[in-house]
Each structure stands twice: as structure tokens, then as C-alpha cells.
Amino acid sequence: MKGRDIISIRDLKKEEIELVFSVADSMVDIALGKKESNALEHKILATLFFEPSTRTKMSFESAMLRLGGRCIGFSDIGATSVAKGENLHDTVRVVESYSDAMVIRHPKEGAARYAAEISEKPVINAGDGSGEHPTQTLLDLYTMKKAMGGIAGKNVLLVGDLKYGRTVHSLARALSLFGAGIFLISPRELEMPEEVKKEINIEAEGERIEDHIREADVIYVTRIQKERFPDPAEYAKLSGRYRIDSKLLEMAKKECIVMHPLPRVEEIAYDVDSTEHAWYFREAFNGIPVRMALLSLIMGVVE
Amino acid sequence: MKGRDIISIRDLKKEEIELVFSVADSMVDIALGKKESNALEHKILATLFFEPSTRTKMSFESAMLRLGGRCIGFSDIGATSVAKGENLHDTVRVVESYSDAMVIRHPKEGAARYAAEISEKPVINAGDGSGEHPTQTLLDLYTMKKAMGGIAGKNVLLVGDLKYGRTVHSLARALSLFGAGIFLISPRELEMPEEVKKEINIEAEGERIEDHIREADVIYVTRIQKERFPDPAEYAKLSGRYRIDSKLLEMAKKECIVMHPLPRVEEIAYDVDSTEHAWYFREAFNGIPVRMALLSLIMGVVE
Amino acid sequence: MKGRDIISIRDLKKEEIELVFSVADSMVDIALGKKESNALEHKILATLFFEPSTRTKMSFESAMLRLGGRCIGFSDIGATSVAKGENLHDTVRVVESYSDAMVIRHPKEGAARYAAEISEKPVINAGDGSGEHPTQTLLDLYTMKKAMGGIAGKNVLLVGDLKYGRTVHSLARALSLFGAGIFLISPRELEMPEEVKKEINIEAEGERIEDHIREADVIYVTRIQKERFPDPAEYAKLSGRYRIDSKLLEMAKKECIVMHPLPRVEEIAYDVDSTEHAWYFREAFNGIPVRMALLSLIMGVVE
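The listed protein sequences correspond, in order, to chains Z, D and C. Just so you know, the first sequence maps onto residues 1 to 303 in our numbering. Just so you know, the second sequence maps onto residues 1001 to 1303 in our numbering. Just so you know, the third sequence maps onto residues 2001 to 2303 in our numbering.
Hints may contain errors.
Quick list of simulated restraints, FRET-style, between CB atoms [stated by the list, open to error]:
id, chain 1, residue 1, chain 2, residue 2, range
1, C, 2041, Z, 35, 14 to 24 Å
2, Z, 193, C, 2208, 48 to 58 Å
3, Z, 206, D, 1117, 38 to 48 Å
4, D, 1271, Z, 35, 50 to 60 Å
5, Z, 214, D, 1117, 31 to 41 Å
6, D, 1033, Z, 150, 48 to 58 Å
7, C, 2231, Z, 195, 46 to 56 Å
Note that these hints are calculated values from the structure, not bench results. Keep in mind that this is a model prediction, so the values were computed, not measured. Yeah, the Cβ is synthetic: ideal placement off N, Cα and C, and Gly gets one too.
In isolation and in its complexed conformation, chain Z is listed as follows:
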């Protein structure tokens, strides 16, 4: 995978995703600080965050540093030459000559693909508009695989905003590729778009978690994002609709896991944190070995 751009999860074949996971397994102890590595010593990752996303940026940086690499970059558009009129094209052309790979997050859909077309160095998409965020999808899949031993045949409830949610469309497609059964749980106003539905294995669709929680192996909760709603009243009506708490989870299987890309607002009650169901923080940690694996592969230090 040396030199590859990672713009959409669809750019990766199933075998390539499995390769990332197997490399990630070998990275866990380094990510935990139990083992040391200098595999990426002297490599520079540029992190171009045209909109802020602290956790994602820190996750990439930690992945790079754990392998002995270094980072340069910026974390918001205000602090950059973009303010002076520099365009994405020239920024990418310049930054690629300062680094060995770049991570880009941008408010506009398609920005990362465009950057990848310009750059001769590998580009990773860390979220562009309501588009793709492939490393989030990878770490989500990896987390399910670790928790359940495998993904095929498992029941995954996707809950919340299935219409605008940045990553849930990619995740649904990838889950289908790996043979999971998908349950779509959302308000009617926030239903999964038809063009995604056509491509995925839907087991059921509905508005109530309660109707399917007993069958769930994974409850994947997404945030209903205020910024997607032109009308604040509409947001207020829908935002409190789904809330997972330990009471509700009494209906679930003992081994059912709860995931969330974070940050959560009110979707998961704090009383879930101390239960065996809570996997969202392990999910966040898994971003480190998964990103370490990906960075190692595209920079050619692992094959």
C-alpha cells in the first residue's frame, strides 16, 4: 500500500482492510507505550486541519509519535495563509514538499480527493464536509472485530442521524462488505438516504431502539448535529430522541457493545460508562493502532 491515498473506505479492498487490521494488532503494545518503535523515525506527517477536530488531530499525532515520527501542521483556518488568499491547490503543492504524507480535514466535500490528485505524497482524508472519514470507519470496524471476534453475521444497530451523519454511510457500506446485518434506527426526518440503502444489507428499519435492541450485537450511536438543522426548533425536537442508558441496556444481550464516534452530547448516559457494554473509549483508543498501521503502510515501512 506504499504511496496510497486513503480518501474513502471504498478505495480499500476487503483484503487491504484486513491487512490494516493485522498490522494494527502488532501496533497495540506500542500504542499503549509498553513497547518502543522507531519505524517512522525521520518521517514527517503534515496535519492540515482547515476546520478544528482536536481528537482526530491528536490521534494522528500520537500515532506518528509512537512510531518515532514527527508532525507539522495547523489546526484552524484562521491561523493560516488561507486567510491571505492562499488556495488549497498551492497549499498542498507546498506542504507536500515539506513532508512525507499529509492528513487533511476540510469543511468542503471533495477537498481531500482534490488534494490527493494534486499531491504526489500520500494523502489521508480526516473528514471533508458531510463526505467521508475513512480512518473513523476503519477504527469502528476494527473495534467491532476485536470485541466480537468477527463482523460477519453480527447485528449492528445504527442509531440517530442516519441522513446527515458524516461517517455512518461509509460505515454501513463497509459493514455490509464484511457481512454484518444492519438495523436502521432513526427519526423519519433523519432516515438513511435511498442511495445508501440500496447498497447495504438491511435487516430492519424503524424509529424505536426498543424494537430491535434484543437482537443487537452492536449499538452504534451517532450524534444529531445541531449545525445540520436550519430550524433550531426542529433540532430541539429530534435531538433528545435517542438516549442510551443502563436501564435500556438491561434489554440487550450481555455481550452487546455500545459505540459512539464521540463527542457525545446526551446520546449515552454516564451510567453506561461503568458497564461492560461501554466500548466508545476503547473505540477512541483503537484509532491509535489503526492509524499507526495505516501510516506505516502508506509510508512504506511495513508491507
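Take the given structure of chain Z and dock chains D and C to it, following the hints.
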């Protein structure tokens, strides 16, 4: 001290503070760039600055880098997911899985203690509201010890805002623990609170520096902070009240040192900088070896 | 050059500039990531950007990291203690004790010179007001030397805002020192100031690129900066005046190179990028080996 949180200077016993100082002594040449060390190679410090404090952040970063360690972090709340609704609890849970220790600065009193309760990794408080800032206290004590050979029996004038000053309460308590005599010099409106006075060795209290400067071994000047005053007129009246200049220092002992946590506004005239009394820049430098010592101790590379 | 401040290109003798270039040549493969170096391991560069300049900051950081060094710093004034009233003097005094050298960019002319007077550690000026930006001048000269084999006797068209342009005055003087012939192309309103003209080798002066493009070995294009014009109408009138495109370049010599300090707005059409004339991205890359050379020289690891 491996794994210890450093939230308040009161969490440290006198012997532990002395251990920090003795390790700091061994760090001075590394801090000066005269010796090299990789003691913290492969360690990651997360610097979570929910409010800006450039010097403090750079001081921790320099301490970490001088020992071969690395840093991730952010420097203001605007650039973070906090804006999207992420709470301190979840930020800490996520960041602890990306790093080996964290430094937190937060506008709310108690935030660092709360973070330490959540995190399994060590947490250092770099200032929370008008609360504690223990590494500042440590470097202040260390500076006095280096300048005077010891603290017991020395006379320390605390000058300026003794009511709201972030660090001066902690410092007064720590000085008492080490046996210094304390002279409180402030406007009536900014007097040291009663509950602190009860716990410290007060030699004298007054409004005029001139009354006690002859006895002083240390003049510790604090800034009167504009943001503490609801009424700008009140601030204007008090802010210019104490100003140390070389003329005033002619009344002081030859070996009397002047300290200040910086940034200074008008409290110390520039003509003091070139005198033997000026120790505030050495004080700032001392933050490096002291923080190197603390980081090494809590990350378990020194015992 | 150990310990030297680099505030103005005029601080460097011709032989010193040539030394920088010869060291830069030896750095190219390291800058490209083809060779590894730890020449600046354990060294800390402080990057003090009192106004944002992402590319310049990242260029210095990449230069430092490629040589195994580390960086601390800040990228805009809002995130710093400056907001709390800290002055440049004290910031420099403190930061010099945290680092081995510092790079400063500041909106006020003379700020870097002032910092260098205060600091015992070497200071590099990365732009101060409409004053000097010596590393930009060095990388521009280096790029010309690489492209053309040498500078003496070559014809350089300086195009655009020659009145306010931050770097073009320094560049004109340096080009004259190296024996280039200079063609000044600007609107009357943005002519090169008399005091600069007196010191440089002017071959011709005019308003139209077309009049001299056939003779040009280098067309050095500068941006007409909106912020320099009190009247937006005046800016609108002048800003679109010079636009280099591939059609215009058909009049130029085959080996004529086009340079630009970036960011460009509309001064160079995208269709130039794919021609042999386009050297502005190579120019940006050249900032890395030139800054590596300079950092190595002033920190004393190369002589």
C-alpha cells in the same frame, strides 16, 4: 512518585518536594542544552490548555523535549471539540489513551482535580481558575533555595494582589512549611484572605513595601490582574500602587532577590533587570529543570 | 556563523551567503527524505509567530525536524500571553531560556532586531512589518543559482508591488550584490522607492512586462497586497494589472524561470504550473535546505 497526580502543592510532602529539587539539580545542564538525555524517549505528554498560557505550555514542552519526549495538545478552547459540546470528562478519557501523562490548564477551579479523578494516567495542574498552580509554586521555592542556599528563616515579602492572585496562596503555605517568615504587603482591598492567614507564618502585614524592605531576603511581586475587577476605576486606582525600581532597591539588602511569576506589566521597572536583585528570568528558566524532574518522577524514569 | 542573528540579508557578507548555499546543497537529500540526519538532535527551536504565516512556520519546523531537532512555539498573538500584557522584551528573555535559537515573525518593523539585541541565543527574522525577511531572500537567491547555474549577468524582472512588497527591496539589493541586472516592472503608484533604486543595478524600469520579457532570465512576481491600500477601489484597479500566463510566456526565453514567494492570488495563471517556466513550488521547497543550512550554521553543528 510514579503515577502521581500533581494537582495542589499540598499533595506533596516536604520530603517529596525536596526530592523534586534534588532531581531538578541533576537536570540543570540538560535544560541548558549542555548535556543530552533521552530519559523520556517514546513518552508522550498531552498539554490540554483550555485557556491560553503560552509560557507555561512552552515550559512544559521544552522540559519534555529536553528529555527526548514528545508532546501533543491544544492551546485554546476555540480550536477544540469543546466547541462542539465535548465535555471535560470525555476529553480526558480519550486523551489519556493517546498519551503517558497530561498537563491541564482550565479556567474553572477544580477542573484539574476532576481530570485526575477520571484519568488513570498522571495529571499535572497547570492552573485552574483562581485555584492552584503547583509547578509554579515548586519553581518559586526552587529558585529561592538556589538563590539563598535554603528557605528556613528567610524573610519573604509577598507584594501586590494577595486576595485573587492565583499562586500566592499556595506559595505562602509552602513557604511556611519550609520555615520562611512572611511579610504581607497589599492594598487593604487586596489583602490575603483570613483562611490562608491562619495557616501561615506571618511576620508582619502592611500596605507599604518601604516599611519592610530592609529585612527582605526575597521580594515576591505579583501582578494586579485587570480581569479580577468588575470596576475598571477600582483597578486603575490599585494597579500602579506597587512598583519596584532600582531606586527603591537601594534600601534593600545587597543579596535580596526580586521575583515575579511573569508576565509583568508595570510592577517591576526595567532598570531592575540589570541589577543583581533581578531573579525573575532565572525563575522562569528554573521552570524547565523543575518540570523535567516532575515529569521524570511521575512517568517513573527516575525514582 | 555560530551564534549569529539573521535579521537582515545585509547582515550577511557575500561569502557567508555562499557558505549557506554550499551547506544547503549538502542538505537537499535530507530535505527530500532520501537521507537521514540527527545533526540537530536535542536542539530546540522556538517559533514565535506574532502574526500567522503557516508556510513559513511549517518550513522552519520541517527544516528542524529533518535534522532531528524539535520545535516549540505559537502561531498567533491571540493564543499568547501577549493578550495578558506580556511585552516582547520579557517574552524573548523567557523563551531564550527554553530554547537554543528562535525564529520571530512580528507585525512591527524592527521587532526582530530588538529581539536579537535582547537575546543571547541566535534570532532569525521571519518577517517584521514591511521590513526584512532574510530567509526568503536567501531561498530566492538559492533558487536562481540552482536554476541558472549562477546569478551574475542574469536579467531579473521584478514585477508587481515594488513599493510595499515585504521582500522585494532586500532581494533587489542582494541581486545587485551578486551582479544581476534588474528590470523594475510596476504601476507608477507602486514604484520601487528612490532609496532602494540608488543602491541597485537597474537595467530598465517600466510598466509593461511585454517590453522586457524577451530579455528575462527570471520573472519574479510579487503579490499586490490588499491590506496595503487604504482605498479598495485603488487596489481593485491595480491588482489585476500583471498576470503571467502561458500565452505571455511564449514571448520569453525557453529557459526563463518564473518565481513567486507565494501565496499567489491571480498573478500567475494555473496553466503556467505545467510549463518548464514554473519554479515557484521548487522555490518553496528550497526553503527547507536553505533553512536547514542556516539553522545548522547558527547552532554551530556545521562550520
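Against the structure, the hints:
Between residue 2041 of chain C and residue 35 of chain Z the beta carbons are some 22 Å apart, a value that agrees with the proposed interval 14 to 24 Å. The hint said 48 to 58 Å for the Cβ distance between residue 193 of chain Z and residue 2208 of chain C, and at roughly 56 Å that hint holds. Checked against the hint of 38 to 48 Å, the C-beta distance between residue 206 of chain Z and residue 1117 of chain D comes to roughly 39 Å, which is consistent with it. Checked against the hint of 50 to 60 Å, the pair residue 1271 of chain D and residue 35 of chain Z passes, with Cβ atoms roughly 56 Å apart.
Between residue 214 of chain Z and residue 1117 of chain D the C-beta distance comes to about 35 Å, which sits within the given range of 31 to 41 Å. The hint said 48 to 58 Å for the Cβ distance between residue 1033 of chain D and residue 150 of chain Z, and at roughly 53 Å that hint holds. Between residue 2231 of chain C and residue 195 of chain Z the beta carbon distance is about 51 Å. The supplied range of 46 to 56 Å therefore holds.
In this structure, none of the earlier numbered hints is contradicted; all agree with it.
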